[in-house]
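Protein chains in written order, with my numbering: chain A, 11 to 183; chain B, 956 to 1120.
Rather than coming from a laboratory, the hints here were simulated on the basis of the structure. Please read these numbers as outputs of a predicted model, since none were measured by experiment. Using N, Cα and C, we set each Cβ at its ideal position, and we do this for glycine too. Wrong hints could be hidden among the right ones.
To be verified - Chain B is nowhere near these chain A residues, computed Cβ spacing over 12 Å in every case:
(1) G24
(2) V59
(3) W85
(4) Y90
(5) L137
As the list claims (entries may be wrong) - According to the in silico footprint, chain B covers these stretches of chain A (three or more CB under 8 Å from chain B):
(6) 38-51
(7) 62-71
As the list claims (entries may be wrong) - Derived DSS-like pairs (lysine-lysine); straight-line CA-CA distance at most 27 Å:
(8) A/K79 / A/K135
(9) B/K997 / A/K79
(10) A/K97 / A/K138
(11) B/K997 / A/K49
(12) A/K128 / B/K997
(13) B/K1002 / A/K78
(14) B/K974 / A/K79
(15) B/K974 / A/K78
(16) B/K997 / A/K78
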Amino acid sequence: MVFPQIYCVGWLEGHSPSQRRGLAWLLPRPSLAQVDAKKTYYEELDAAVRQNLKNRFDWWLRTFGVTKKEYCHGWDEEGYENVWVFKYREHRIFGFLCHPDPAEPGFLLCVLCSYTIKEGWEADKTLKDLIAAFAVNKKKLTAAIAVHEAASCPHRNEEHKTNEATTTTSTLD
Amino acid sequence: MKRPQPQAHWTETNLDDYKSRITFDFLDQLTGFMEAGPVNQKGLAIKLGIGESAVSQIFNNPNNLTLKTIIKYARALGLKVSLLAYDDNDPDNTRGPIGSDVFNECWVRQGKPSDAFDLKASTSFTDQFPARFAFPTAISATNVFVGNFGVTNNEVLTPDLRDAA
């Protein structure tokens, strides 16, 4: 896996972050075929599916201390501790959890990466591995998010510009 | 980390989205009661006299829920329903509706008062500190409601309020 040189992270429109939690899309540049969550969400999912996913996003943003695996969950397995998935019927949106800002250690960000349709009982291992790799790389990613607070992504006008609230970016080593 | 400028919550887009959020919240409550109680989804279907798949369909896609159906489902589980309008100082709806779990927890913490007399009889923050908490009438009922809880022991008071106590 060749990781992209630039990460952009865009807030989810309509889901304002609180002091505790936030949701964002991962938008690598150049783009990666597997990192398709935002594109699929806006361009391919029908409105009813999106609405149900929004309710799950909303639930995660505002709920503390309760687990509902039918809405979203992570994994305890070693290597996948930061991988996270939102679920509605067969629809899955994978991402990873991180604390992007050392100045706000209590703030938890879920960075959504990939969309898939669940076919078997187990989650797609290839996809989980990809997300886990992003999660491992998250030190660089979160540093990028934290350092470049107000920077605008140089490619943000290419797509979905109306859906991006604030975008952060950084060139990684 | 820079936060985005306040923008409309997704439930502000249209009434269907708002309704979806409320019905999702309602069914989430029912799921919680069913997980904790003796009646599961199959039992609920039997009580309602409909097929389990019909119940499952509602839980998977709650958009078709009417107020009558909401009451019917709640009553089948021995529960009641209240509709609550509140002012949370967010007239543009940038934060979305407050979850019913928050309101419910406040009500439980207050001892589940069943009417205004029960509420008055319970120890309240405003009773203890009437001058400091003489809220203007325009302030939201929700905030006053929340303000009544969690302050029966001094541990939760701020140092400033501890002095006042």
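Structure-based check of each hint:
Distance to chain B contradicts A/G24 as a non-interface residue, since its nearest Cβ pair spans about 3 Å, not more than 12 Å. Residue-level check failed: A/V59 sits 9 Å from the nearest beta carbon of chain B, not beyond 12 Å. Every CB of chain B lies more than 12 Å from the CB of A/W85, the least distance being 22 Å, so the non-interface label holds. With a cut of 12 Å on Cβ distances, A/Y90 stays outside the contact zone with chain B, its closest approach being about 25 Å.
Distance check on A/L137: its Cβ is at least 23 Å (rounded) from any Cβ of chain B, clearing the 12 Å threshold; non-interface status holds. Chain B is given as covering the stretch 38-51 of chain A, and this is violated because 0 residues of the stretch bring a CB closer than 8 Å to a CB of that chain, at least three being needed. Counting residues of the stretch 62-71 of chain A whose C-beta lies closer than 8 Å to any C-beta of chain B gives 5; at least three are required, and the coverage claim holds. With a C-alpha separation of about 18 Å, the suggested pair A/K79 and A/K135 falls inside the 27 Å cut-off, and the hint holds.
Under the criterion of a C-alpha separation no larger than 27 Å, the hint pairing B/K997 with A/K79 is consistent with the structure, at around 20 Å. At most 27 Å may separate the alpha-carbon atoms for a hinted pair to count; A/K97 and A/K138 meet this at roughly 14 Å. A C-alpha spacing of about 38 Å is found between B/K997 and A/K49, which places the hinted pair above 27 Å, so the restraint is violated. Restraint check for A/K128 and B/K997: satisfied, since their Cα atoms lie roughly 25 Å apart, inside the 27 Å limit.
Among the hinted pairs, B/K1002 with A/K78 is consistent with the structure: their alpha-carbon atoms are about 25 Å apart, no more than 27 Å. For the proposed pair B/K974 and A/K79, the alpha carbon gap of about 23 Å is at most 27 Å, so the pair holds. Restraint check for B/K974 and A/K78: the C-alpha separation of about 21 Å stays at or below 27 Å, so the hint holds. For the hint pairing B/K997 with A/K78, the CA-to-CA distance comes to about 19 Å; that is within 27 Å, so the pair holds.
Of the hints listed earlier, those the structure fails to meet are numbers 1, 2, 6 and 11, in rising order.
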